[in-house]
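From the two separate chains plus the hints, produce the assembled complex.
First to last, the protein sequences are chains A and B. First residue of the first sequence? That's 1 in the numbering used here, and the numbers climb one at a time after it. First residue of the second sequence? That's 122 in the numbering used here, and the numbers climb one at a time after it.
Hints in this document: simulated from the structure, not taken from any laboratory. No false leads were slipped in.
Here are the simulated DSS-like cross-link-like pairs (lysine-lysine), alpha carbons at most 25 angstroms apart as the crow flies:
id, chain 1, residue 1, chain 2, residue 2
1, A, Lys13, A, Lys81
2, B, Lys168, A, Lys43
3, A, Lys81, A, Lys64
4, A, Lys43, A, Lys64
5, A, Lys43, A, Lys13
6, A, Lys43, B, Lys227
None of the values given here were measured: they were computed from a predicted structure.
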Amino acid sequence: QVQLQESGPGLVKPSETLSLTCTVSGGSIDNSFWGWIRQPPGKRLELLGYLYYTGSSYYNPSLKSRVTVSVDRSRSQFSLKVTSVTPADTAIYYCARVGRITVAETWFDPWGQGILVTVSS
Amino acid sequence: QSALTQPASVSGSPGQSITISCTGTNNGVGTYSLVSWYQQHPGRGPKLLLSEDTRRPSGISNRFSGSRSDNTASLTISALQAEDEADYFCCSYASDSIVVFGGGTKVTVL
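The shape of chain B in the complex, shown without the other chains (with noise of 0.2 angstroms):
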């Protein structure tokens, strides 16, 4: 079964970058199938930050950013801020109109 595991925390201080790791099995991030990013503050709705891997949608300041290796997606947040801290997840498709989510990564700012 397809899954997509990310980190349960990452830290960093202001003006720091940090990276969050998304890495699929069984096809769940894969050759095809590009990651959605998302960001979600407490009591909010999660919020799109990145599709298509690394496509911003307008609005979505530059500091994040996404990348890919093999089947190891990234959301790299640079000059970490204070309203970064949050909670972040991932997205793919993964197969017969399946679609899964990564289980969420906290990130802290010190």
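So here's chain A without its partners, still in its complex pose (with noise of 0.2 angstroms):
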């Protein structure tokens, strides 16, 4: 059964970079995409990005500028990182497998646990 667990620091500067690691067990990295999507306090869900094994990737549009996902098959592990974050980039973050992502369906299993972020100085 997969597992995603996130790490990294969890508290970042503002105009600094945020980066994120995720480590896949249980199962292959390989044939499936994975995503990050982060929940700041208050507020809803939002997908920031996600890629194929192979390493194709897609973002929102909304943050494209800042946002990259690159994956490392092997050691199972796929990164985000978060340029120029502001206090508003603080929030739960959480790593994903994309089950699918189409006009007809769209659905993430499994998640990891999330990790919390906080933007200060």
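And the structure:
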């Protein structure tokens, strides 16, 4: 059974880069799409971006210029970088396997437990 | 802009059934965009309950069921149990690879 675990710093200074890693265990990172989703305090979930295990990536247009997702198949990990962060980027960040993202259907399973990242000086 | 609207809270007594709605605007939930539903307990990651409006993954109780009427998808929890107290949210495709999530519904078991 695939399990996901986010890791990275819980505190990032404004204007710096937020970097998180998601480790996939219990299954292969191959042949799947993997995504990053966040939830700011009191706000709804937001998909930041996702990628195929080969590295092909897709981004939320509202954040595209600041977000990068990448994969390291040898480590069964995929990563998120968000540049030039502000306090508005404070959120719980989740990684998830993308089941489908199509016009017909969209779903994510499983999800990691999430990691709180606070942007503050 | 596409959006999914859910009630902020729903409550019920043990054994009862409750229904949570997810209404789409601007094709957030429409003819082609099926909805997925998730359960989230405090401090834990979301758990997929239903995909494609009604399909339950392996291991999900049949007490959870989904339906749709026009642009409103619904999640019904039957035979409510204390362990069902959690947040529930819906998700759908909007357009141009944009995915939208509902605001979430807090379920309280009285």
